[in-house]
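Could you put the whole structure together from the sequences, leaning on the hints where they help?
Number of protein chains: 4
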Amino acid sequence: HVAGRVVASGPRRAGVLSTVLACLEPLGATVLECDQRCIDDGSETDALRVEFSGEPSDAWWDRLGDRFADLAGARGITWRIVPATDVKRMAVMVSREGHVLQDLLWRCDSGDVPAKVSMVISNHADLAGMVRPSGIPYHHIPVTADRKRYAEDRQLELLYGAVDFIVLARYMQVLTPKFLEYFPEKIINIHHGLLPAFPGANPYKAAAARGVKLIGATAHYVTEELDAGPIIEQGVCRVSHRHEPGELRRLGRYVERDVLGRAVSWHSEDRVLVTGNHTTVFAD
Amino acid sequence: HVAGRVVASGPRRAGVLSTVLACLEPLGATVLECDQRCIDDGSETDALRVEFSGEPSDAWWDRLGDRFADLAGARGITWRIVPATDVKRMAVMVSREGHVLQDLLWRCDSGDVPAKVSMVISNHADLAGMVRPSGIPYHHIPVTADRKRYAEDRQLELLYGAVDFIVLARYMQVLTPKFLEYFPEKIINIHHGLLPAFPGANPYKAAAARGVKLIGATAHYVTEELDAGPIIEQGVCRVSHRHEPGELRRLGRYVERDVLGRAVSWHSEDRVLVTGNHTTVFAD
Amino acid sequence: HVAGRVVASGPRRAGVLSTVLACLEPLGATVLECDQRCIDDGSETDALRVEFSGEPSDAWWDRLGDRFADLAGARGITWRIVPATDVKRMAVMVSREGHVLQDLLWRCDSGDVPAKVSMVISNHADLAGMVRPSGIPYHHIPVTADRKRYAEDRQLELLYGAVDFIVLARYMQVLTPKFLEYFPEKIINIHHGLLPAFPGANPYKAAAARGVKLIGATAHYVTEELDAGPIIEQGVCRVSHRHEPGELRRLGRYVERDVLGRAVSWHSEDRVLVTGNHTTVFAD
Amino acid sequence: HVAGRVVASGPRRAGVLSTVLACLEPLGATVLECDQRCIDDGSETDALRVEFSGEPSDAWWDRLGDRFADLAGARGITWRIVPATDVKRMAVMVSREGHVLQDLLWRCDSGDVPAKVSMVISNHADLAGMVRPSGIPYHHIPVTADRKRYAEDRQLELLYGAVDFIVLARYMQVLTPKFLEYFPEKIINIHHGLLPAFPGANPYKAAAARGVKLIGATAHYVTEELDAGPIIEQGVCRVSHRHEPGELRRLGRYVERDVLGRAVSWHSEDRVLVTGNHTTVFAD
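Residue numbers (our numbering), protein chains in the order written: chain A, 98 to 381; chain B, 98 to 381; chain C, 98 to 381; chain D, 98 to 381.
It should be emphasised that the hints constitute simulated quantities derived from the structure, not laboratory data.
Note that the structure is a prediction, hence the values are computed from the model and not measured.
Hints should not be assumed to be uniformly reliable.
What the hints assert, rightly or not - To give a feel for the contact side, a few chain B residues facing chain D, derived at Cβ under 10 Å:
1. Asp200
2. Trp203
3. Gly208
4. Asp209
5. Gly226
6. Arg229
7. Gly232
8. His236
9. Arg339
10. His340
11. Glu341
12. Tyr351
13. Gly358
14. Asn374
15. His375
16. Asp381
C-beta atoms are modelled at their ideal positions from N, C-alpha and C, and glycine is treated no differently.
The structure is reproduced here in structure tokens:
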């Protein structure tokens, strides 16, 4: 009975909630869930996410879009309307470690993440066998220092227009700013450290060296600055003095897959709104 | 800038959210936060909590009350309006263990729980010293089998009209149905077991006997059936084979105080809505 | 450099730790890790688990076995010696839900659980495809009310002598006492409720009906009384009023797989000692 | 029945466990608990903690000390013997925030932390009232930029020889290297950030600016480098985009007190062993 959802934000004086209701109600849409918050960054901005019932016809969606353009647009409100039948298309980029990929495949297949894995791209051939039974295309595009640009061009050919967002599921290459421009706020990375601690390579080694008692993982949108983009979700796991880096890597895999799984679910359900370098998560 | 909050619920077809906005907006109130959910019990009921800005005058609040009576009342919606300046008055009832009482006193004193402890009532004198520095009245009313009725009458004399809700902070007496009638959905108990497991007396002993790996605590509204009222919050703590009942009691105290602290905060901020034997918590 | 491990228990006056050292040291074995605890059940019993280095020859293991028989046996101590090269053989029994099976296959395949899945037995054909790529045999043995005995006979033919322990990974049939006799303290079940709460069928439905704020899962050894055997591990997940039973089932899968994964790891590494209806877990 | 405990560490080839048993057993001491681990820093060092029964006479303790000096000393083993009747004397240093102090006082008073608060030292007078009912001396020693050295001299006069360890319970002054030399591995600080993230002042402000989804606290031994000493314990708390720094401060207090409480318990029970910049925690 959920027909769709709206995510909107705008200045408080614009009346974001009233405007959204003024768009929905004359068309017979009923609000089933509504979560409205102020974003505490001093800018008096309100953000909301609404799930609504409605009519399933194309004409109806057109009229809804028109109303938003008229009313919300005029008041400086930003909005996104998503029919519940829309299923986002996801590309997963991986290197050699398969635990996160396997979990994502399962979460999508079991219906827990309402998105579709359209392709897997890897700079290695190792994980082709894991993907094969699903029938999802696996593109092996080697990345070497002197052919990085060529590799990214090939990746973009496959990705652009074909997927709605990209998940870096332990993909060990840094993407260029040019690549990122094609997918703003559409690339989710899982970092195996509790950012801002331990950015960059080898976070488990650094964590063992510092003697921390908790390790963690961070899912974030990728921006130009390495491991510094808006954080979507984080999780932790207790460790002890006995765990050397190899052990931390082993234990950390369970946190990585859970944190990324939640982040991808929330992105797929339009529960994440980015403002500046922060995210508002309209949690389940 | 938060002037007050509304908690409301009603049948979906009544348009709970629209109605609440229709009450607030003509009076110049702006919705700062809004959390609306459907209650999944098959009854098509919507529940919401709104924080709004507004005018501080008594006349304004009167007009707001009138609008709700007119609009919401007519549509079968139940509502509660609470000015942000209202601070609920709490009575704490205790027996001999003081850890939860002390934590509640501190939470209220530090402003974390927006409520005021108006009195402490105990069937023992033990904890009078803990309360004395705060200046809060401590009423020692012994409860014996043959004088239980008399004791409850004395308690009611002190409580009725003088407090808005009651917290049983490890109060080891069972209240009679007659007492409960005076405070429906207004008495919060902390049970030192993870209900529905281990109701009644000695939950830690029962937990040790069963060999569980997690112990917990449950904050719930008190109803006639022992430890069976609507659950507000629960929490857990890991334990092991080495922990005999005395150890569980020691470890459990930290869970008890945290779980009850959150429940009392939420109740004080009108974040808990009871429907049937369930609670909807509009979490912070 | 770990050659093997010993798990031993016995009366305090027997000197369990001294005896184990007296067996190991004359043979040149060095204790690398030692965890000794008293079991607090009033019986003055000590339990310990030791990892040691040593020689890899068969003759050496024979001599070690002889020493334990002589020294520990004479003092009323119970012991188990396991060379580090031993990898336990596991059978997984499933019905239709595959999330726990898939996770177990991955944990064993990735080396995280030091055990080998020797076969999968199911009363349905549904999950054959999930197992096929691994090359592990999948035995489909339908179980109907009138052929339950026949089915168990077939299962026992496959299992007895061929596997070291059995994991019920959401296997929805109750095993008969006769079947259990063949595998005492060797059958691990994952129950999707926080035992002793919600035993039996449909724990998520019962949890939703009671309005709990935490759901959980319990891994335990199977005994004759349903869901009442020694608990190995438990875990929880926060839920809210919005989660009807279907949602709880979806969320609970992540707890189920994690709790069972840890329990199977610990069993495989001889970290679990059963005394009466309790387990001592020598945690990692 | 626990007479005392030994914490010892030394090179593997020295046989730490055997040596400790060789000291205890001829004197009739029985090992009640034993936890031995290798410290994974490449140095082949073993560490252990033992709880034992024994005789309560002074002569017995002398003989035990002599045996350790003879046997363990000769083999390059470091050890510490602590009779169970020893209760460590603690000084608490605070500034203006009292939540951690209050919790420590309660934990000691209720017997949960087996240590005695001997004095409270503060650079402010604010918390004197909180300490007064307990009868514990409260020393107000103002610290100003030009009198820091004088203040530390006064503090040392009170502390040196009078307490066994010091807890900085949100003490907002940096101690000088000279001060630290008097209490090596004896000063525990609670930092309100998840180190190594957010060291220094204002961790909650930094956490809000980065948009993290988890905040935390870290208990560590104080060394010359600010917030870089050996970590004893860490804990976390979920937060969201709605929590500005003031909210994080409020929420973080519960994590701070719990993390520090556990760290102080473990230190008091000789469960923490420092090697280099790491701690081995022989957890309860």
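Structure-based check of all given hints:
1. Asp200: 9 Å, holds
2. Trp203: 6 Å, holds
3. Gly208: Since chain D brings a Cβ to about 8 Å from Gly208 (chain B), closer than 10 Å, the hint holds.
4. Asp209: Check passed: Cβ of Asp209 (chain B) comes within 6 Å of chain D, closer than 10 Å.
5. Gly226: 8 Å, holds
6. Arg229: 8 Å, holds
7. Gly232: 12 Å, violated
8. His236: 20 Å, violated
9. Arg339: Arg339 (chain B) check passes; min Cβ-Cβ to chain D is 8 Å, inside 10 Å.
10. His340: Constraint on His340 (chain B) satisfied, holds at 9 Å.
11. Glu341: 13 Å, violated
12. Tyr351: Hint holds; Tyr351 (chain B) Cβ to chain D Cβ min 7 Å, cut 10 Å.
13. Gly358: This hint holds: Gly358 (chain B) lies near chain D, its Cβ roughly 8 Å from the closest one there, short of 10 Å.
14. Asn374: 27 Å, violated
15. His375: 23 Å, violated
16. Asp381: With a minimum Cβ separation of about 8 Å from chain D (threshold 10 Å), the hint on Asp381 (chain B) holds.
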